[in-house]
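*Asks:* Here this note's numbering runs 41 ahead of the position in the sequence shown, where the first position is 1.
I should point out that these hints are in silico values taken from the structure, not numbers from a laboratory. One should not assume that every hint holds.
[Stated by the list, open to error] What follows is a list of derived Cβ distance ranges for each label pair:
#1 Glu62 <-> Lys126: 23 to 31 Å
#2 Thr115 <-> Pro49: 30 to 38 Å
#3 Thr122 <-> Ser69: 16 to 24 Å
[What the hints assert, rightly or not] Derived EDC-like pairs (lysine to aspartate or glutamate); straight-line CA-CA distance at most 20 Å:
#4 Lys126 <-> Glu62
#5 Lys79 <-> Glu96
#6 Lys79 <-> Glu65
#7 Lys120 <-> Glu80
#8 Lys126 <-> Glu80
#9 Lys125 <-> Asp89
#10 Lys125 <-> Glu80
#11 Lys125 <-> Glu96
#12 Lys112 <-> Glu65
#13 Lys112 <-> Glu62
Backbone N, C-alpha and C define an ideal beta-carbon position, used for all residues, glycine too.
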Amino acid sequence: MPPVLDYPPNYILFLNNLPEETNEMMLSMLFNQFPGFKEVHLVPGRHDIAFVEFENGGQAGAARDALQGFKITTSHAMKITYAKK
Numbered sequence: 042m043p044p045v046l047d048y049p050p051n052y053i054l055f056l057n058n059l060p061e062e063t064n065e066m067m068l069s070m071l072f073n074q075f076p077g078f079k080e081v082h083l084v085p086g087r088h089d090i091a092f093v094e095f096e097n098g099g100q101a102g103a104a105r106d107a108l109q110g111f112k113i114t115t116s117h118a119m120k121i122t123y124a125k126k
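Construct all of the structure, not just a fragment, from the sequences and the given hints.
*Replies:* Okay, here's the thing in structure tokens:
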């Protein structure tokens, strides 16, 4: 598997490899368990990517590390990187 390109740590995470049925409520429930969670933004017209915002980079990093590779479905392991600033 090729290495995942990652940007410097910041408070916004970029999610990809999401299944088509993913919605904001599903992702909010998943990320809400982490301190500092603020909101989820799905990209209109793209079912496979989203952004998740936290209060700070440390909180975003903790969620990223805990959920990296989380399987939303059996065939969709979520890929998480820091968003490009």
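*Asks:* Given the hinted pair Lys125 and Glu96, is their Cα-Cα distance within 20 Å?
*Replies:* Distance ~17 Å between Lys125 and Glu96 Cα, so the pair holds.
*Asks:* Should the hint that Thr115 and Pro49 are 30 to 38 Å apart at their CB atoms be regarded as holding?
*Replies:* holds, 33 Å
*Asks:* What's the verdict on Lys79 and Glu96, does the C-alpha distance respect the 20 Å limit or exceed it?
*Replies:* Distance of about 7 Å is within 20 Å: holds.
*Asks:* Assess, step by step, whether the Cα of Lys125 is no farther than 20 Å from the Cα of Asp89, and give holds or violated.
*Replies:* holds, 17 Å
*Asks:* Below or equal to 20 Å on CA atoms is what counts here, so check Lys112 against Glu65.
*Replies:* holds, 16 Å
*Asks:* Measure nothing beyond the straight line between the CA atoms of Lys126 and Glu62; if it is 20 Å or shorter, mark the hint as holding.
*Replies:* violated, 27 Å
*Asks:* Given the hinted pair Lys126 and Glu80, is their Cα-Cα distance within 20 Å?
*Replies:* The hint holds at about 17 Å.
*Asks:* Taking the CB of Thr122 and the CB of Ser69, does the distance hold inside 16 to 24 Å?
*Replies:* holds, 19 Å
*Asks:* Measure nothing beyond the straight line between the CA atoms of Lys79 and Glu65; if it is 20 Å or shorter, mark the hint as holding.
*Replies:* Since the Cα atoms of Lys79 and Glu65 sit roughly 12 Å apart, the hinted pair holds (cutoff 20 Å).
*Asks:* Is the straight-line distance between the alpha-carbon of Lys112 and that of Glu62 20 Å or less?
*Replies:* holds, 13 Å
*Asks:* Taken at face value, is the distance from the CA of Glu80 to the CA of Lys125 at most 20 Å?
*Replies:* Holds: Lys125 and Glu80 sit about 17 Å apart, inside 20 Å.
*Asks:* Taking 20 Å as the top limit, are the C-alpha atoms of Lys120 and Glu80 close enough?
*Replies:* holds, 18 Å
Checked against the numbered hints given earlier, the structure breaks only hint 4 and satisfies all the rest.
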